[in-house]
Structure formats: structure tokens, C-alpha cells
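Engineer: Given only the sequences and the hints, what does the whole structure look like? Please build it.
Chains as they are written, first to last, in UniProt numbering: chain F, 1 to 91; chain A, 1 to 91; chain S, 1 to 91; chain R, 1 to 91; chain D, 1 to 91; chain U, 1 to 91; chain X, 1 to 91; chain Z, 1 to 91; chain H, 1 to 91; chain W, 1 to 91.
Quick caveat, the hints were computed from the structure, so don't treat them as lab data.
Quick reminder that beta carbons are idealized off the backbone N, C-alpha and C, glycines included.
Mixed in with the good hints there might be a few duds.
[What the hints assert, rightly or not] Covered, in the sense of this in silico footprint (three residues per stretch, anywhere, with C-beta under 8 Å from a C-beta of chain R), are these stretches of chain F: (1) 44-54; (2) 74-86.
[Stated by the list, open to error] Non-contacting residues of chain X with respect to chain D, defined by C-beta distances greater than 12 Å in every case (computed): (3) I11; (4) P12; (5) A22; (6) E24; (7) K25; (8) L29; (9) V38; (10) R46; (11) T57; (12) N58; (13) P72; (14) T83; (15) D87.
Below are the chains, spelled out letter by letter.
10 protein chains.
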Amino acid sequence: MLFHVRMDVAIPPGLDVTDRVAAEKARALELQRAGVWVHLWRIVGRYSNFSVFDVATNDELHDILSTLPLYPFMKIEVTPLATHPSDLAAQ
Amino acid sequence: MLFHVRMDVAIPPGLDVTDRVAAEKARALELQRAGVWVHLWRIVGRYSNFSVFDVATNDELHDILSTLPLYPFMKIEVTPLATHPSDLAAQ
Amino acid sequence: MLFHVRMDVAIPPGLDVTDRVAAEKARALELQRAGVWVHLWRIVGRYSNFSVFDVATNDELHDILSTLPLYPFMKIEVTPLATHPSDLAAQ
Amino acid sequence: MLFHVRMDVAIPPGLDVTDRVAAEKARALELQRAGVWVHLWRIVGRYSNFSVFDVATNDELHDILSTLPLYPFMKIEVTPLATHPSDLAAQ
Amino acid sequence: MLFHVRMDVAIPPGLDVTDRVAAEKARALELQRAGVWVHLWRIVGRYSNFSVFDVATNDELHDILSTLPLYPFMKIEVTPLATHPSDLAAQ
Amino acid sequence: MLFHVRMDVAIPPGLDVTDRVAAEKARALELQRAGVWVHLWRIVGRYSNFSVFDVATNDELHDILSTLPLYPFMKIEVTPLATHPSDLAAQ
Amino acid sequence: MLFHVRMDVAIPPGLDVTDRVAAEKARALELQRAGVWVHLWRIVGRYSNFSVFDVATNDELHDILSTLPLYPFMKIEVTPLATHPSDLAAQ
Amino acid sequence: MLFHVRMDVAIPPGLDVTDRVAAEKARALELQRAGVWVHLWRIVGRYSNFSVFDVATNDELHDILSTLPLYPFMKIEVTPLATHPSDLAAQ
Amino acid sequence: MLFHVRMDVAIPPGLDVTDRVAAEKARALELQRAGVWVHLWRIVGRYSNFSVFDVATNDELHDILSTLPLYPFMKIEVTPLATHPSDLAAQ
Amino acid sequence: MLFHVRMDVAIPPGLDVTDRVAAEKARALELQRAGVWVHLWRIVGRYSNFSVFDVATNDELHDILSTLPLYPFMKIEVTPLATHPSDLAAQ
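Structural biologist: See below:
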């Protein structure tokens, strides 16, 4: 099941998050290899991304998002996705 | 080059757009086959979609969007995407 | 899986929707009996409701919502819900 | 009488609220056992919840909410609920 | 129990609501005499009012509001009120 | 002359305002006794109130509001009120 | 007493308001001559104005605004003004 | 003097504006040749543009904008521009 | 040339700006005497003002605003004004 | 390919960014000389600018923006631009 997720990151001025950023990247790569984090794009001009997650349940998605190393500094918007009637793959 | 596009469709009450909807679907399938309209998801609960387009220029994207049969009834938001540093494919 | 849904209904002035309203009620009762539409509350002062749906997938939810008789006159906001760590039932 | 409540929690960076969080959970469980806090769901991707309270008066609700341990860090939106004409239980 | 209510009225151009306006006034006077509609003020420069209602339950308030003759043309915002700790009458 | 005032109080984390809160209450009681602060209600779930002031001029209202002890921590919205044509007292 | 007023005019497409516009202008000139409508500026690029009215009471202002010929097509925002401590005239 | 202008065009459904669109284009070309309308870009995905005008006074700009053939169907936002300290031409 | 300016001042808690406030007042008086800052009104209930400036160019206005002593703590909105067709002085 | 960019700069109170500002200016001049940063205007009354960039790809634009010395203190909005049908240069 697919979910569209927008993440806007805002780090308080002066806070060193180097370790967290590295941990975030490692976790993101891990989830992409697992086929859970299926799309991850940078929004031009912002410390933000659009992502798509493929998970079995809402709870699974919340567990993933809320344990991301940068979660405390993120504003997250989750939008559930359904199959579009004009989706080529769905014809 | 990837662009994230949100389309919200609002048809004026009483207007018959059956033909336009069919033409929209045909055009969407055509663009997906051409590898231009690379993702198309329905936003649950809305006559809206999140899409991703792969185009060479801004002009090409505008020509595509502004000639969609349902374009006159769409509110469209375009966000340019860049490669995310944690994108598995970009490692 | 639970989804929180807000529905705001706006009927164009002068349009007779008596039949649709009756069909909407019948459908709502049917979905409640089926255990899908698990909560349905009226927002005081508005032609709106807060609801909770229990469905297996996003697609199922979209099919339900988009085929509601009053769907063309609804603004719908869907929020996926997860288990709260302080939920008594989850202890 | 039912009230729909949305709580968005924002803890200032660096502030240790471990005790408050524990106290919040204990209080939430207590209120759920008392049948006052009748629904409590986590909003996926956010330190937020949708809740439903069953109280006798507005004052009772405000006393409950304003004495929650995490209240100083909460943005709260309260919406009074009425019986929906299509509520199965109300037929 | 007190509820603060804001009503913004918007009549579609060309629609004659003379009768409804008269019926609205009669109903408002009736509810004020009954001690239910306890405050009713005109917002300067707008076809809007701030009101305060004294009712026993949410359902009672919704029944009153949703049966107002001008209800179909109103945007209504309801805010439950509690006793303020500095309210002179509450000392 | 009546003015509707909404006050939202936000105290910076860690700042001790006990004295100010006490002074605010004393001032509020004083103004109520003087018939200036004619209504004061707590908005359920928020450190906010709806109030109504009866003053002779805009300047008088601004002097009162801007000298409230908690003024530096308040977001204030002032709406001038006029007599409503359906106000019972105005018939 | 001074009030800042913003008026945004929106005429429904196809409606002939020539007479109303003429009546509006006559009324505006009349009120300016009476020293009530003390400032009237066009907002560049919009069918809108910023104005300042000098009236004795809120009711007087509402009567003036609500009887303007174009009132039914106006969105109006009223902001009460007080003397600014740095106002040269107030030194 | 430079002004940044955003124009969003919304044509009521079913209204034929072919002549107006042609007149708008002719006028735009005329103003560009006159060095007044100095930049005109299409916002991708919208019937909107960002423009920059070079005019002597606010009044001149309002006269130009408010006499554009499509003006009745435009939402316009005007932002005055000043020389940026890092503008190469201003060094 | 007239510009409408709204200034909202927000001083970070605990910061002593007494000198700046005095300097701001002196500068405001100076500009008023010079006929540049032609109107300055306090918005009731807020540390904000509506002002009107009479300047020759946008650059002049920006230089004035951006060198105000309290500028670093101000949110400023500038709206260019044109002569209103119903302005008595313009007849 | 042209992109419209709005940058709003907000420096935390008390933070000395003199070096960054100088570095930002140097970088801006460099990019203007390179024909990449093609327009740069100050928004009157704000620490903000409207700019237009001419780049080959989204990634190039993001690299430029995200490495600007003041980037950590900027809110940036990017809007892709297309050729306007009434653009004189495009006739």
C-alpha cells in the first residue's frame, strides 16, 4: 500500500546534527533496499523531500517515520494513495 | 528532469465532461507509454492526483499540462525535483 | 486499518438532492452494519462530519468514499491513524 | 456529550520531558478507564492525536485538557460533536 | 453551557431571501426570549455576527443552528466556552 | 461601544510569569467591576479567551489592552461590534 | 474615532452594476465632504481600496458601510485605529 | 521604477473570451515594445504569469493593469521592487 | 507617490530595545516633519501600525524602511496606492 | 531554462552573519557574471528578493541554492517558468 509523504526538515540554529544526518542516510538506504521507501526526491531549494512508502499498515508507516533519526526536526504530511484509473500499470 | 505535479480537478455542477474524461485517460496512457508521465497516483478521497513527469524543459512540461483535456478544470501545483543525497540510485 | 475522514458537504444553491441524501443515508447505514464505517459524528453547526473507517487498503477506502452519493458535493480530508502508545486497548 | 479534540505536541529542542510523558500516559489511561477519553488515535507521521472525549460540560473538558501534563506543549483544537442523522446507533 | 458562535452569511446574487430574513429574525427573537441565544452582535462591515448560546447539549445547539432559516447560506464556527478563572462572576 | 476581543496567550518555555498572571487577574477583575470588561470566557482547550469590552473610544481600548500585564505574550484580535437588527434589546 | 477599512469588490460576471457604481461614487463624495470618509486610496492592480473613516461609534460605521450601493459585492475588513505614540500630531 | 506583478487568470466556465485574449496579447506586445512590460513569463501548469513592469508612478501601473482586456478575470498581486545590494548592475 | 505600509513588531522575549524604541520614535517624527511619513496609526490591541508614505521611488521607500531602528524586529507589508476615482481631491 | 525564486531571509536574533552576508554577495555577483542568476530584485520593506535563474537542470538549481552562504536562514520558493505566448521575444 502506497503513501505519499512530504518531509520538511528544520534544524534549530547552532545544533550539530552531523551524526543524525549520517544515521538518517543509512536508514533511508536500508529502507530503500527493503523496498519500503520506494521513491525519495529532493524538493528544489528546500531541506525537504517528497517520498513514497510501500507498507502493509498505517502502524508500520508510523513506526518507520517516527523512528527516523531526524524525526524530531521534521514536519511530516502523509497522504494515502490509491490506484489511479488512468495508471498504465492498472489497465 | 523530474517534476512533482499535484492536480485537483473540480468540474462545475451539471457540466457533462464524459468525453473529456475519456480523452484525458487516453492522453495519460499515451504519455505514460512515452515515459513522460512516470508516476500517477490517486489521492484517496479526492478527485486529485500526485504525478511525476520526466521532461527535458519547463516549456515541454507546460505544453503537456496546459493541453490536457481536463486542464480548464484543474488547479495544478508544480514542484521541481532534484536528486536526493540519500537516493539509493544516486549512490 | 483505521482512517480519520472529515467530510464537508456543499450543495449548489437550488439543486434538489433529496434522492441523493436518502441514498447517502442508506449507504452509510449499510457500511456501518458492515463494520467499515465505524464512527460517524456530526460537526455542530456545519453540514460536515468526522468519521472513522476501518478498511484493509487505501484503494478500498477510496472506492467507498468516491462512490458515496454525495461525493460530488464533498470536500474530503483523509488522515491515516495508527495505534496510540497510550491507547488503553493497546496496553 | 462528545467532543472531537486534536492535539499537536511540540517539545522545545533540548527539553527533557520524560517524566511528563510518563505522567501523560498514566493520566490518559486513567481517563480512558473512567470512560471520559473514549477514543485516542495517533496521527501517522506526527506527534499528534485525534481524540474523542465524553464529558458532561465544557468546563469539565477544559479542566481535563488544561491539566494534562503535556498541555503547555500542546496546540489543541476542540470541535463539539452532535448525533449524525445517519448514525446507525441513532436509528 | 455556553458556546461562542460566529455566523457569516453569503446570499447567492439574485436570490430573494426576504421571507427567510424575516423568519430568521423572528426565530432569533424567540430564542433570545427563551434565554438560549444570550448574545447577538453584528460584526461591523460584514453580514456576520458573533453570538453566544446557552444550551444543555451539543445536539441541542446543532438542532438550533441547523434549523435557522438562513442556515443554508451560513458559514458557522462553533467554539465551546468554559468559565474563565478571572471571571468576576466566578469568584 | 462594544468590541469583541480574542486573546491568545503564549508564554515562552521556562519563563516564570506567576506574578504577571496574578496581576492580570487583579486587573481583569478591576475592569469587570468598572463595567469595561463586560464578558470574559475561556476558550476550551486553549490558553485563550473571548472577551467583550465596553469603551468610549478606540484609544481607550488600546490603552487597556496594551497595559495588561500579559500583553507582551498575547496575540490579540479586535473586532468592533454594532447593534444587530435582531437583537432583542434593540427592538 | 478612526477606523481603517479595506474593501475588495467582486462583481459577479455578466451583472451590470453601472448604476450602482455611479451611486457608490456619489455616496463616497458625499461622505468625504462630510469629513466622515477621510481617506480613500485605490490598491494598485485590484478593484479594492484602503480607506479611513472618522465616526463617533461602531454603529455609525456599520450603517455607512452596509448601505453603500456596492456593499453586497464587497468583502470588508475593519480595523480600529488608535493614536500612535510617535504620531507627530499627538506630541 | 520596477514592480513585480503576478496575474492569475480564471475565466468563468462557458464564457467565450477569444476576442479578449487576442486583445490582451496585442496590448501586451504593445507595452513590451514601449519598454513598460519588461518581463513576462508563464508559470508552468497555470493560466498565470509573473511579470515585471517599469513605470514612473503607481497610478501609471494601475491604469495599465486595470485596462488590460482580461483584467475582470484576473487576481493580481503587485510587489514594488528596489535595487538589490548584490545586483551586478548596481555595483 | 503613496505607499500603504503595515508594520508588525515582535521583540524577542528578554531583549532590551529601549534605545531602539527611542531612536525609532525620533526617526518617525523626523520623517513626518519631512512630509515623507504622512500617516501613522496604531492598530488597536497590537504592537503594529498602518502607515502611509509619500516617496518618489521604491528604492527611497526601501531605504527608509530598512534603516528604521526596529526594522530587524518588523514584519512589513507594502502596498502601492493609486488615486481612487471617487477621491474627492481627484475630482 | 528559467526558474523564478523567492528568498526570504530570517537571521536568528543576536547571530553575527557579517561574513556570510559578504560571502553571499560575492557568490551572487559570481553567478550573475556567469549568466546563471539573471535577475535579482529586492522586495521593498523585506529582507527578501525575487530572482530568476537560468540553469540547465533542476539539480543544478538546487546545488546553487543549497550552497548559498545564507541558505540555512532562507525560506525559498521555486517556480518553474515557461515561455509566455505573448512574450515579445517569442513572437
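Engineer: Hints first: check each against the structure and report whether it holds.
Structural biologist: Quick rundown of the hints versus the structure:
Restraint check on the stretch 44-54 of chain F versus chain R: 0 residues with Cβ-Cβ distances below 8 Å, three needed, restraint violated. Only when three residues or more bring their CB closer than 8 Å to a CB of chain R does the claim for the stretch 74-86 of chain F stand; here the count is 3, and the claim holds. Taking the minimum C-beta to C-beta distance to chain D, about 9 Å, the non-interface status of I11 of chain X is violated against the 12 Å cut. The non-interface label for P12 of chain X is inconsistent with chain D: the shortest C-beta to C-beta separation is roughly 5 Å, within 12 Å.
No Cβ of chain D comes within 12 Å of the Cβ of A22 of chain X; the nearest lies about 19 Å off, and the non-interface call holds. With a least beta-carbon separation of about 15 Å from chain D, E24 of chain X lies farther than 12 Å from that chain, consistent with its non-interface assignment. No beta-carbon of chain D comes within 12 Å of the beta-carbon of K25 of chain X; the shortest separation is about 19 Å. With a cut of 12 Å on Cβ distances, L29 of chain X stays outside the contact zone with chain D, its closest approach being about 20 Å.
Every beta carbon of chain D lies more than 12 Å from that of V38 of chain X, the smallest distance being close to 16 Å; the non-interface claim holds. The non-interface label for R46 of chain X is consistent with chain D: the shortest C-beta to C-beta separation is roughly 18 Å, beyond 12 Å. The Cβ of T57 of chain X sits about 10 Å from the closest Cβ of chain D, inside the 12 Å cut-off, so the non-interface label is violated. For N58 of chain X, the condition that its CB be more than 12 Å from all CB atoms of chain D is violated, with the nearest at approximately 5 Å.
Residue-level check failed: P72 of chain X sits 7 Å from the nearest beta carbon of chain D, not beyond 12 Å. Every CB of chain D lies more than 12 Å from the CB of T83 of chain X, the least distance being 20 Å, so the non-interface label holds. Distance check on D87 of chain X: its Cβ is at least 23 Å (rounded) from any Cβ of chain D, clearing the 12 Å threshold; non-interface status holds.
The structure shown violates the earlier hints numbered 1, 3, 4, 11, 12 and 13.
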